[in-house]
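Those protein sequence lines, which keep their order, are chains A and B.
Mapping of the first sequence onto the numbering used here: residues -12 to 504, in sequence order.
Mapping of the second sequence onto the numbering used here: residues -12 to 504, in sequence order.
Heads up, some of the hints might be wrong.
No distinction is drawn between identical chains; accordingly, a pair holds when it is met within one copy or between any pair of copies.
Taking lysine to any residue pairs in the SDA-like style, the calculated list, with each CA pair at most 20 Å apart, reads [stated by the list, open to error]:
| id | residue 1 | residue 2 |
| --- | --- | --- |
| 1 | Lys265 | Asp39 |
| 2 | Lys451 | Glu252 |
| 3 | Lys88 | Ala337 |
| 4 | Lys295 | Asp80 |
| 5 | Lys48 | Val87 |
| 6 | Lys18 | Ile30 |
Quick caveat, the hints were computed from the structure, so don't treat them as lab data.
Quick caveat: nothing in here was measured; it's all calculated off a predicted structure.
Number of protein chains: 2
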Amino acid sequence: MSTNFVKNALGRMVPTSVNGKEQVPYMGVGKYKPTGRKYAPYIASCADYPADGNKIVPSLKEALIKSGLKDGMVISTHHHFRNGDLIANQIFDIAHELGVKDLVWVPSASFECHAPLIKYLEDGTIHHIEGSMNGSLGRFTSQGKMKGMGILRSHGGRYQSIQDGEVVIDIAVIAAPTADSFGNSTGDRGPAACGLLGFALADSQYAHKVIVTTDNLVPFPCIPWQIHGNYVDYVVLFDQVGIPEKIVSGTTEITKSPDRLLLAEMTSQFCDEAGIIKDGFSFQAGAGGTALSIGIYFADLLRERGMKARFARGGSNKYLVNMLEEGLVDYILDGQTFDLDGVRSMRENANHLNTSPFTSYNYHGKGNFSTMVDAVILGATEVDLNFNANVVTHSDGVLLHGIGGWQNCLFSKCTILPIPLFRDRIPVIRDEVTTICGPGELIDVIVTERGIAINPLRTDLIEKLKNSSLPIKTIQQLKDEAEAICGKPEKIEFTDEAVAVIKWVDGTVIDTVWKIK
Amino acid sequence: MSTNFVKNALGRMVPTSVNGKEQVPYMGVGKYKPTGRKYAPYIASCADYPADGNKIVPSLKEALIKSGLKDGMVISTHHHFRNGDLIANQIFDIAHELGVKDLVWVPSASFECHAPLIKYLEDGTIHHIEGSMNGSLGRFTSQGKMKGMGILRSHGGRYQSIQDGEVVIDIAVIAAPTADSFGNSTGDRGPAACGLLGFALADSQYAHKVIVTTDNLVPFPCIPWQIHGNYVDYVVLFDQVGIPEKIVSGTTEITKSPDRLLLAEMTSQFCDEAGIIKDGFSFQAGAGGTALSIGIYFADLLRERGMKARFARGGSNKYLVNMLEEGLVDYILDGQTFDLDGVRSMRENANHLNTSPFTSYNYHGKGNFSTMVDAVILGATEVDLNFNANVVTHSDGVLLHGIGGWQNCLFSKCTILPIPLFRDRIPVIRDEVTTICGPGELIDVIVTERGIAINPLRTDLIEKLKNSSLPIKTIQQLKDEAEAICGKPEKIEFTDEAVAVIKWVDGTVIDTVWKIK
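Turn these sequences into a full structure, and let the hints steer you where they fit.
What follows is the structure, encoded as C-alpha cells:
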C-alpha cells in the first residue's frame, strides 16, 4: 500500500487517502465544519412493492440476489446480539458461494463470533471492514493481512458517515427478534429479544436495499416499529437470528473485583464532591465492568438523600433497571441493552426508551443527547499526559476493541475514566498512547486506585475538590508512581504500514493503526 | 397568467408549469416512476448548536430572523390544532412587520382560523399557498385572487413532495403541546394536547431551519419525542400554541342525521356481506360524519360475533377509542386525533399508536400502510359514472376542502364512499365531476340511500353481493334516479384561468381548479 501521510492537529501521522477515498485529517474538537449535503437515497415507489405489504422472500440468498449483490458492494449488519449474532456470517457464506468478491463489510460492531469471516478476508470475498475489529479480526488486521484498510468509527461516527454519504451502503441486513411481513421490526420482544435496533437505523434510512431477517413473524403491525417497514425491501424468515443470552459479555458485566469496585466507589465520591450528584442530574456508564458498577454507588447516594436522577443513558443492565423501577431515575435513555433485564424493562416500561446513534451521538445533527449528560464514566486502555486516551489498541499495539459510543460520550459535561494504574504490570498512563481515540481536552478526570488526576483545563473541578479527602494528584504524579512500581514501558515498534484508521466523530482521521512487527 | 396546458391520462387539462416549476401530468395509477434521489438537506454540526442543548430564543420574531427569513422563502406549518391553531397567523404578522414579501405557505392543512391571512395574500406578503384551501381561503383562490397558483396535495403527497424535493422548505414552524429546550416535542400531553405531530415529520426532517413553539416546556427529555430535537434549530415559548377543543370540527364529528346513519349502516352491511368483516380485519374511516359513524356498526358486529379487528386506522375519535378499550380492535394506528378522547387514548394506551404520512401514506416509499387496510370509508362531494371522485370543490365550482389523506386511502383493498344521492337537490353522481381528485379505478363502491353501486372492475364484489338484500344498482341507475328527482344539473361555467392544481400521490397533476365566473 503506498499512501501519503500528513500530521493532524494532534501530531499524529494519518493517511490522506483510505481505500481510494480522500480523507480529512483531524483538525481539533469542533473545528471541521461540513459544508455539503446529506446522502440522498434513491426515491422508491409503492408501485414496485407488493400491494398486500408482504415482502417475504424464501431465503437470504434470494433476498441478496434480488438486492443485486455483486462485486465491490458495501454490506452492513448490526451488533444488537453482540457475540450471539447468527446472521452476518451467513451473508458472506452466500456471497462466497456466489463467487462475489471485494465486498466491504460495515458492521456496527464485530465480535469473536465473526472470526469465521477471516477466511473470506483471506480469499477476497471481503476486501475490508469498516467497523470495530475486536479479538481475532483485530489481530488479523494488526498483522497487515486485510486487503483494504480498516476504518473504525464510533457509534455516532457510523451514523454520521452513513448520513453524510462517506459510507454508501448497498445492502443492509437487519436481524430482527420480531417483525411483520412489511418489514416493521422490533428488538424488544420475541424468542431472541435483544432490546433495541437503534444501530440499524441509519442503515434502514440510507441503504439502497434493506433486508430484514426474523425468527418471529407477527401479523401487521409489528409494534413498536423500531425499524420502519417503509424502508425495507425484503423480509426473510429464519429459525433463529441470534442468541440473546450472548448479549452479556465481558464488557457488559458488573465487575466483582474489589480493586475495580474501589475505582467505582472513588468515582462516585468524586462526582459527589464535585457537586454532580444532585436532584435531576444525569449520567451514563459505558461498557466495562468498572464503569457499569458505578450505578450501584450512585443509587446508594440518591436513595440516602431522597433525590432522583432525571435520566441515565444506557447500555442498560439490571442495576440501572433497578434504579428505574425503584424510582431513583425518571428515564433510561438506552442505546443498547447489556442484559436481559434491560430487554425486559425496555419492553415493559414506558420510561425505558430506545434511543439511536442519531438521537444520542450523531455529531452532524442539530445537537445530540451526549452533551446534556452531567457525568459519563468510561474505560480506556491507555491515557497520556495530555489526557488523550486510547480504547482500540492494547499496549502491545494490537487492535482488539471497537470504539463503541466512547468518543461520542466524551462530549458530556464531565468525562471520567476510572482505570487501574497498571494492567499486568504495564502502566496505563503513558507519555504517548499507542492510538489516540479521544482528545485530552474532552477528558476531565482519571480515577486510579492510587489517585485521581483532574485535567488542568477543568479549573472548576480542581477548585471544588481542593479540600477533598480523595487522593487528588497530577497525571504526571500518577505516571511516575506507576513507573516506580513497574518500570518505564518500552515503546512498541511498528512497521510503517497503516492497517486501519480511527475516525473522529466528524469524519476526520484522528489516528492510524500500524501493522505490528 | 399565461400557461400551457396538456391533457392528462384522465382527459383533464392540466398546466405544464406551476409557479415556474415544470409539472408531470397524471399518467395513471402506478404509471409514473420516479428516477431521482430524495432531497438532501444540508449537513449540520453540533459545533454550531448550544452544548447544553438549550435552543430557546426569546421570541418567534427572533427565531425567524435567526432562521434567515427573507423574500420568497417557503414556510411550513401543520394543522394538528385544526381550527384552533394560534401560531401560523403570527408567522405572517411578523413577516409583514419585517416587510418580507412573496412567501410560499405550505401548511399541512388550512382552516377558517387562517382567514386573516387573506390580507397578506392581497398585499404580497404571501405569494401562494401549497396545501388545502378551505372555506374563505378556498373562495379567495377560486375567485382568482391569489398571486401564484395554489397546489393541493394529499397528506401522503405532501410528505412525498418534501421528501422528493418538489417542495423545499426554508423554515418549518411546529406548534408543540409539550417540548424540551432541545426541541424534542410531543402532541399527546400538555395543556394544549392535540394528539400527535406526524404531519410535521417531513418538515422536521427536510426543512433547512426548524422552529418549535410550545406552551409547555419540560426538562429534557420530553417523552415521547414525536419530533426529534436533533432536527430542531430553535425553541420559542408561548402562553398558548393552540386550542385543543377546536380539533373537533364539522368533519370530525359523528353524524346525528338519520339519513347519514342509514348510509353508515348500509355500508357496514355491505362490508359484512362482502366478507370483509372477519377476525383480524382492518378498516379506516376518514373525516366526515357518515364515515366516522361506521365504527359504531362495525363494533356491534364484532361484539356480536366475538371477533376483533387487528387494527383501525384513525382519525381517532371516542368511538374508535371505545373499541380499543373494549378489546374489539388490537391497535389504533392513528394519523390525527379527531377528539380529546383520541388524545387521551394515544397518551395512555400503548396500543394506540401515532403514525405519520411517512408510514401510512407516502407513495414514494418502499410500500406504505394504506394498501394493507381491508376497507376504507370516505366522503366525496361528487362522483362520476367512471367512479372518479371529487373532494375539493363543490358543485358550484368553488374550492372549499382539502384532500387530507383521502387520495392515499384509495389504495386500500376496498374503498367505499357512502354519500347522499343529492345535496340541496343537486345530484352528487354526475357525468363528470368538477375536479378529479381520485381515479375511478381505485374507488370500489358507492353507497347511497337509494342504492349501492359496485365498480364493474370489482367482479369479485359483484359476485359476492349477487344475492344480497341490499339495493345493488349500477352507477348509471343511481344517477338516473337522482336526476329523475332533481333534474339534470347545469354544467358550471368557468373561466380559462387555472387557480390551483390537484396533485396525485406521486406528484403528477391530476386536475386543475379553474377560476369561477
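So, going through the hints one by one against the coordinates:
no.	hint	verdict
1	Lys265 - Asp39	between (53 Å within a copy, 17 Å between copies)
2	Lys451 - Glu252	within (18 Å within a copy, 74 Å between copies)
3	Lys88 - Ala337	neither (45 Å within a copy, 46 Å between copies)
4	Lys295 - Asp80	neither (50 Å within a copy, 44 Å between copies)
5	Lys48 - Val87	within (12 Å within a copy, 58 Å between copies)
6	Lys18 - Ile30	between (34 Å within a copy, 15 Å between copies)
Violation of the numbered hints given earlier is confined to hints 3 and 4; the remaining hints are satisfied by the structure.
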